[in-house]
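Protein sequences appear in the order of chains E and G.
Using our numbering, read the first sequence as starting at 36 and increasing by one per residue.
Using our numbering, read the second sequence as starting at 16 and increasing by one per residue.
Simulated from the structure, these hints should not be mistaken for lab results.
It cannot be assumed that every hint is accurate.
[As the list claims (entries may be wrong)] Footprint (simulated), chain E over chain G, 3 or more residues, beta carbon under 8 Å:
(1) 21-34
(2) 48-59
(3) 93-100
(4) 113-123
(5) 137-148
Using N, Cα and C, we set each Cβ at its ideal position, and we do this for glycine too.
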Amino acid sequence: MIEAAAGGTLIGLAAVWLFASLGRIAGISGIVGQVIDRGVSVDWPVLFIVGLGIGGWLGAGLLGGLAVSLPDPTGWVLLVAGGVLVGFGTRLGSGCTSGHGVCGMARFSGRSIVATLTFVAVGMLTATVIH
Amino acid sequence: MSGKLAALVGGIVFGLGLTVSGMTEPQNIIAFLRWGPGWNPALILVMGCAFAVTAAGYALIRRRSAPLFESSFRLPQSTAIDARLLGGAALFGVGWGLAGYCPGPAIVGAFSLDPRAAVFFAAFLTGAFGYRLLQRREARSAPQLADG
Chain E
36 MIEAAAGGTL IGLAAVWLFA SLGRIAGISG IVGQVIDRGV SVDWPVLFIV GLGIGGWLGA
96 GLLGGLAVSL PDPTGWVLLV AGGVLVGFGT RLGSGCTSGH GVCGMARFSG RSIVATLTFV
156 AVGMLTATVI H
Chain G
16 MSGKLAALVG GIVFGLGLTV SGMTEPQNII AFLRWGPGWN PALILVMGCA FAVTAAGYAL
76 IRRRSAPLFE SSFRLPQSTA IDARLLGGAA LFGVGWGLAG YCPGPAIVGA FSLDPRAAVF
136 FAAFLTGAFG YRLLQRREAR SAPQLADG
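In isolation and in its complexed conformation, chain E is listed as follows:
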């Protein structure tokens, strides 16, 4: 539980920092969408994404490495189907857990509150039925 609180606080600090420094919302699907729309260049969206990777390495180092248990064949199918749906859905709905769920909620956007309630409810229904 301490890890959850500490991790969430770091996520919040990163979102605040991106807004304070660049005036941008830390929405990951939107940032990836910008790279898709404009192509890969050494600009802030690409550097933020590279930072995510470096932060992950640092975190895994702090935690002493992370164990990965490989899924069964059904699990791989769920990963592929889920990936396509998340890729399409987050672009159509203009945001994901970070953009709507953290940043949009934090500025009390009506759109983001509705979107977050929707994807959490549908996600719970899906996971409860499938898993």
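Following the hints, complete the assembly by docking chain G onto the known chain E.
Just chain G now, with coordinates in the frame of chain E:
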């Protein structure tokens, strides 16, 4: 410090937070989304802390006239609660519940060469490119400002 370095630092702190909180392990996400025995409420704490810090920070920063390295703040302007928003959020919810990944943890995992995250992220890009192709075919549609 330049804006580019600021973005890199922001990404590092965000990626560190996702990893420390355990969100890069899809089984932890599914344990929150799946109702029943073994339900794991940790994600509420992650989101709650992230929300509280962000809401407080945004409120303070918005009193300023401009961010440090740009001339203005760029916030989404749309307020429409329409079929695109609801449909997109619902499709995202289905995919999240199936795979246990949302975009941030998938990127972090792919950089760490977690094969599950790499496969999910490749599929994610396929879906996002597919959306872009469809959107381009909608000749009359105006470009939308993303929420994030």
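Hints, verified against the model:
1. 21-34: holds (count 14)
2. 48-59: That given contact holds, which follows from 6 residues of the stretch 48-59 of chain G lying within Cβ reach (below 8 Å) of chain E.
3. 93-100: Answer holds; 6 residues pass the 8 Å Cβ test.
4. 113-123: As far as the stretch 113-123 of chain G goes, the hint holds, because 10 residues have Cβ atoms under 8 Å from chain E.
5. 137-148: Since three or more residues must qualify, the claim that chain E covers the stretch 137-148 of chain G holds, with 11 doing so at under 8 Å.
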